[in-house]
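As you go down the protein sequences, you meet chains A and B in turn.
For the first sequence, my numbering gives the first residue as 9, with consecutive numbering after it.
For the second sequence, my numbering gives the first residue as 9, with consecutive numbering after it.
Hint data in this document are derived by calculation from the structure and do not stem from the laboratory.
Predicted model only: the values in this text are computed from it and were never measured.
None of the hints are false.
The list cannot tell twin chains apart, which means a pair is met if one copy fits it or any two copies do.
As a list, the in silico BS3-like pairs of lysine-lysine whose alpha-carbon atoms are at most 30 angstroms apart:
| hint | residue 1 | residue 2 |
| --- | --- | --- |
| 1 | K206 | K53 |
| 2 | K128 | K207 |
| 3 | K207 | K53 |
| 4 | K196 | K207 |
| 5 | K70 | K128 |
| 6 | K70 | K113 |
| 7 | K196 | K206 |
For reference, the chains in residue letters:
Number of protein chains: 2
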Amino acid sequence: MSNRTVYFISDGTGITAETFGNALLAQFETSVRRVRLPFLDSVDKAHQAVRQINHTAAVEGKRPLVFTTVVNMDVLSVFTNHCQGMMLDMFGTFVEPMEQELGLKSNHRVGRFSDASKSKAYNDRIEAINFSLAHDDGQSHRDLEGSDVILVGVSRSGKTPTSLYLAMQYGLKASNYPLIPEDFERRKLPPALAPHKKKIFGLTIAPERLSEIRNERRPNSRYANLDNCRMEVSEAEGMMRREGIRWLSTTTKSIEEIATTILQEIRPERLEY
Amino acid sequence: MSNRTVYFISDGTGITAETFGNALLAQFETSVRRVRLPFLDSVDKAHQAVRQINHTAAVEGKRPLVFTTVVNMDVLSVFTNHCQGMMLDMFGTFVEPMEQELGLKSNHRVGRFSDASKSKAYNDRIEAINFSLAHDDGQSHRDLEGSDVILVGVSRSGKTPTSLYLAMQYGLKASNYPLIPEDFERRKLPPALAPHKKKIFGLTIAPERLSEIRNERRPNSRYANLDNCRMEVSEAEGMMRREGIRWLSTTTKSIEEIATTILQEIRPERLEY
Chain A
9 MSNRTVYFIS DGTGITAETF GNALLAQFET SVRRVRLPFL DSVDKAHQAV
59 RQINHTAAVE GKRPLVFTTV VNMDVLSVFT NHCQGMMLDM FGTFVEPMEQ
109 ELGLKSNHRV GRFSDASKSK AYNDRIEAIN FSLAHDDGQS HRDLEGSDVI
159 LVGVSRSGKT PTSLYLAMQY GLKASNYPLI PEDFERRKLP PALAPHKKKI
209 FGLTIAPERL SEIRNERRPN SRYANLDNCR MEVSEAEGMM RREGIRWLST
259 TTKSIEEIAT TILQEIRPER LEY
Chain B
9 MSNRTVYFIS DGTGITAETF GNALLAQFET SVRRVRLPFL DSVDKAHQAV
59 RQINHTAAVE GKRPLVFTTV VNMDVLSVFT NHCQGMMLDM FGTFVEPMEQ
109 ELGLKSNHRV GRFSDASKSK AYNDRIEAIN FSLAHDDGQS HRDLEGSDVI
159 LVGVSRSGKT PTSLYLAMQY GLKASNYPLI PEDFERRKLP PALAPHKKKI
209 FGLTIAPERL SEIRNERRPN SRYANLDNCR MEVSEAEGMM RREGIRWLST
259 TTKSIEEIAT TILQEIRPER LEY
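Next comes chain A alone, as it looks inside the complex:
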């Protein structure tokens, strides 16, 4: 169905080129064939990529879109001189005006992810991923005060993927705790959480959607039953209201939207960057 080929080319991982291109492509109602060409760190590899792109242009009779974040000038010039695709060059477009504004020369450093492994920010991120994994689903009460945020909500309300996303994208130490029937009977938050109320953020979800999700896991169970989901959600929301916990509904939100919203609400001081 695709009527156009799109290339993402980079001398690094190509992750930025892909984000850049996909965000722009999302502005168009069209389907495309995507090809990722990362690590083009030599003139030889550039020529090989250009041959591939020009071949596509010839076969399809339409020039491919080429999203690039190449910073090596020798590699880039192979594309600008020989590539028959439409070049959409993020760095070429914005680096020069930024040089003028900042009064600095750009360093043409390849790959903002390379050498990352030696940086403190990177190691903090890996640490945060490990922390969030160890504190998934109320697994551990240890070092709960080390959390930047503690997500609570009924089972399958989106806590785990959100925690991992917060850790991976923002280096946030995100714990998560399920709210379970015993908590509802006691009408209180899990005792381990009481001292950390300021860090708690609640996730809720429409009972109908929850029942759907749970049915995929355990079809026809009491766990997935709509009435039971209604009861759990209503108890959980009641508890969050009583305890004065901020919360949002995940029903129609992506983990990116949930995580960004939480980040705006929590604003962990550690991350004032």
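Add chain B to chain A, keeping to what the hints say.
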């Protein structure tokens, strides 16, 4: 230390604006203060953001850099007409040439992550995250054939964060299996993996770095001891060589680089997108 303030503004999550801006900023040896202003989905919110940016400009005596991916034209025009920052407008720069090339009008749809929760690709990604979590550290042999890739390596060689990144970024079902002393004694891969050899990818690491990482977890343990790390790494590499398993060293690589490299090697058919 920071001599310039940088704003990331968006009518959606701002994740693209941040990726865009941070990639460009990585080209300069300068420290900046970063401010994220997501969800600017009304003219009122835009005016409020403009006041904040203009205040920064006045206080600092230097105009802030403003990376934007705003697509709502009413919101954007508040910035273009009133903002005293330097506007770096990704969509404004590239959407028009793309419209001409594709012969299509852009849809000005806000937020490529919104409505995501209803899309198959999104649900597959969440499914992949759950799969990778359930198959972390050899936890489950169930549905191992459902994996797109199975990472193997000694404990703390980078398998878990890489698996989660592959799931979260690419929707890849990534399992991971530790190689442990019993495997070395038997001189064979864990038996559960034998039928899936084509999907296996190995991670290795320099013993010195491994010992460092393990020492943070369990100081002065046999587990972290350098001689022991040397032995484990040598055994693991020997096994991967004998079994004809592709592998790479994670010592100086970020999870982004590791994941992208694996993706190029494995090229799961499911993901030929």
